[in-house]
Amino acid sequence: MEPNRLRLIRAYSLGALFAGICVTLVLGEWISNAEQREREIILKQEARERVDAFVHGIENAMHALDTVNQLFATLADVSREQFSVFTQPILDKYPYVLSFAYQRYLSGSSRKSYETSMRRTFGDFIITDARDGKRVPAIEKSRYRVVHYISPQHGNEQVLGIDASSIPEMEEAALRSRATGTIASTRLIPLVKENGRHLGFMLLKPVVRRPPPDAQRYGHAEPDVRGFTVAAFNASDLAHRIMEQGGFLGDETFLVQIYSGDRPDQGNRIFPRPAEETRPGDDHDGSRDIRHHIDVGGVPWTVVVSAPKEWMDAAPVSRLTYVFGFILTGMLVAFIHHMLHRATALRLAVEALKRDGALRQRAETALRNSESELRQLATHQLRVREDERKHIAREIHDDLGQNLLVLRMDVGALAHDIGEKFPDGEARMDLALKHIDATIKSVREIINHLRPSVLDLGVFDALHWLTRHMNKLGKVHFTLECQDENAFLGLKEDDAISLFRAIQEAMTNVIRHAEATTCVVRIQHGESKLRIEVSDDGHGHFPIDRRKPRSFGLIGIRERITAMGGEMSIVTTEGKGTVLQFTLPASTLE
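Using the UniProt record's numbering, the letters of the sequence shown map in sequence onto residues 1 to 590.
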């Protein structure tokens with residue numbers, strides 16, 4: 001091979017190598033960025049699902065407290081037994097609620113009588129304060145907010161009688177709830193029931209006694225707060241159960257951490273429990289965090305959803321892109337090198353193909369010319385056949401028809417003479433006359449079959465005759481729809497005969513093959529074309545005559561229409577029939 005050719009091959013190969021490496025690097029980087037964006041979106045979606053689940057769980061808890069609060073709003077005096085019976089199904093439905101309680105206001109002057117009445121049921125009952133996780137006798141003051149009812153009562157006896165106003169977190173939440181009339185939450189506090197070993201929170205809602213209508217009428221409409229309904233929660237257990245119900249506990253990719261407060265701090269983390277084992281990477285080193293701040297009864301909480309750095313940085317598609325990109329680049333360079341080596345042989349092959357193409361083009365031209373000549377020959381044969389039919393029909397009419405008519409007249413006269421002289425021979429002469437009449441009728445039918453004489457009156461009248469003739473056969477009912485009698489004006493005699501024969505063949509095909517009951521021949525004459533439709537209601541399987549030996553029905557129809565410069569189309573619908581359409585240009589009618 002020439003040196004210049006070799007240098008050109010090397011240059012093309014090196015150029016392809018450089019271009020392939022550049023494209024692979026750019027495409028790999030783009031896909032890597034796209035994967036990063038996709039994982040960011042997935043992380044945000046996963047975080048949103050977990051936050052929505054937690055918010056939904058808190059809303060359910062508030063709804064449960066609202067339900068208990070409605071009990072006191074509905075009944076003026078709720079007994080301990082009514083409170084227990086009412087709250088038990090709610091506790092069963094929401095297992096993360098530790099207990100429901102009713103804290104009632106009690107004046108200092110009523111303390112002794114209240115303690116005396118409670119001792120009838122609970123022995124050495126006294127009102128106590130909760131200090132440093134322990135119960136101590138309450139100090140004397142003007143008003144207490146005592147835990148009057150609690151459900152479930154078993155296991156929570158030590159909570160009864162506690163003055164909730166002695167707990168700063170409870171008092172602060174009660175003041176907010178009283179001021180707004182809505183549910184308020186405490187901050188995290190040690191749970192009395194669990195001796196301060198676990199942190200929890202309370203949801204409070206005021207129990208309001210509405211003033212009577214008279215008081216509202218005279219301006220004394222300030223509501224009377226009788227106390228508070230309270231729902232207690234183990235914060236870690238609540239978050240754990242909500243995440244478990246949402247199906248998020250088994251997810252090893254996304255870590256959920258929930259904090260009571262507006263900042264993530266290990267000191268106020270409630271989920272996962274501080275004592276629980278954590279996965280490697282749960283310290284968020286290098287991980288991607290999504291933080292959501294939510295409001296729980298006026299107290300800010302923070303939900304942090306994070307994914308490990310390994311998952312965020314994973315880009316398997318981009319790595320595959322690099323691998324396949326470099327492999328394809330090597331294959332492309334090898335291919336180009338190989339193809340350039342074969343360029344000379346390909347150039348010779350192209351020249352040979354050009355020569356073959358020229359020969360093929362000449363063969364196609366000859367084939368088209370041959371096809372055109374065959375079509376002209378077929379058209380000529382159709383015209384010759386029509387001329388022969390016309391000639392034979394005329395000869396039969398002028399010769400045989402006239403002879404039969406004369407024979408009929410002679411036999412009729414002979415029958416009259418014989419009838420007078422030989423009455424017994426009159427019946428035989430009548431029979432002979434009937435045979436002659438039948439022969440004349442057959443001759444007329446043969447003449448009409450060869451060339452209907454009605455064609456001399458025009459295609460419009462000929463089609464009406466054809467429709468009546470086909471209807472006499474009784475197999476299919478044909479209808480001719482043609483609003484314009486002048487639709488065929490200007491049609492040449494040969495074209496008129498070809499069009500008539502095409503429609504006749506189409507109607508014959510309907511009788512033979514369509515299994516139809518009705519058929520409509522519709523003629524529409526427009527400014528630019530003449531359209532004829534033959535539509536039936538048969539089974540929709542139109543015979544493809546061209547595939548059958550010695551069967552040229554459709555071919556004959558198509559050749560007749562094509563010879564007039566028109567087009568033919570067939571539309572079949574399973575179970576709904578067939579539409580055979582002819583379209584002739586306006587030039588055919590000039």
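There may be inaccurate statements among the hints.
What the hints assert, rightly or not - Below, simulated DSBU-like cross-link-like pairs (lysine-lysine); rule was C-alpha separation at most 35 Å, straight line: (1) Lys492 with Lys529; (2) Lys576 with Lys475; (3) Lys421 with Lys472; (4) Lys112 with Lys44; (5) Lys44 with Lys309; (6) Lys421 with Lys441; (7) Lys492 with Lys421; (8) Lys472 with Lys492; (9) Lys93 with Lys141; (10) Lys112 with Lys141; (11) Lys475 with Lys421; (12) Lys134 with Lys93; (13) Lys112 with Lys134; (14) Lys576 with Lys529; (15) Lys492 with Lys475; (16) Lys309 with Lys354; (17) Lys492 with Lys434; (18) Lys421 with Lys434; (19) Lys44 with Lys134; (20) Lys472 with Lys576.
Think of the hints as simulated: they come from the structure by calculation, not from any bench.
Hint by hint, here is what the structure shows:
1. Straight-line distance between C-alpha atoms of Lys492 and Lys529 comes to about 16 Å, which keeps the hinted pair within the 35 Å bound.
2. As the CA atoms of Lys576 and Lys475 are separated by approximately 18 Å, the hinted pair is consistent with the 35 Å bound.
3. Taking the CA atoms of Lys421 and Lys472, the gap is about 43 Å. The hint is violated against a cut of 35 Å.
4. Restraint check for Lys112 and Lys44: not satisfied, since their Cα atoms lie roughly 58 Å apart, outside the 35 Å limit.
5. Taking the CA atoms of Lys44 and Lys309, the gap is near 15 Å; set against the 35 Å cutoff, the hint holds.
6. Restraint check for Lys421 and Lys441: the C-alpha separation of about 30 Å stays at or below 35 Å, so the hint holds.
7. Note on Lys492 and Lys421: the hinted pairing is violated, with a Cα-Cα distance of about 59 Å set against a maximum of 35 Å.
8. Only pairs whose Cα atoms come within 35 Å are accepted, and Lys472 paired with Lys492 is accepted, the gap being roughly 29 Å.
9. The suggested pairing of Lys93 with Lys141 is violated, with an alpha-carbon distance near 39 Å, which exceeds 35 Å.
10. Pair hint Lys112 plus Lys141 holds up; C-alpha atoms about 12 Å apart against a cutoff of 35 Å.
11. A hinted pair counts as satisfied when its Cα atoms are at most 35 Å apart, and Lys475 with Lys421 does not qualify at roughly 49 Å.
12. Restraint check for Lys134 and Lys93: the C-alpha separation of about 31 Å stays at or below 35 Å, so the hint holds.
13. Taken as a hint, the Lys112 and Lys134 pair is honoured in the structure, with Cα atoms around 22 Å apart against an allowance of 35 Å.
14. Distance hint between Lys576 and Lys529 is fulfilled; the C-alpha atoms sit about 27 Å from each other, no more than 35 Å.
15. Between Lys492 and Lys475 the alpha-carbon distance is near 33 Å, which keeps this suggested pair within the 35 Å criterion.
16. Proximity of Lys309 to Lys354 is assessed by CA-CA distance (about 62 Å); at most 35 Å being required, the pair is judged violated.
17. Proposed proximity of Lys492 and Lys434 is contradicted: the alpha carbons are some 41 Å apart, above 35 Å.
18. A threshold of 35 Å between alpha carbons decides the hint, and for Lys421 with Lys434 the separation of about 21 Å falls inside it, so the pair holds.
19. For the hint linking Lys44 to Lys134, the alpha-carbon distance of about 44 Å lies beyond 35 Å, and the restraint is violated.
20. Taking the CA atoms of Lys472 and Lys576, the gap is about 25 Å. The hint holds against a cut of 35 Å.
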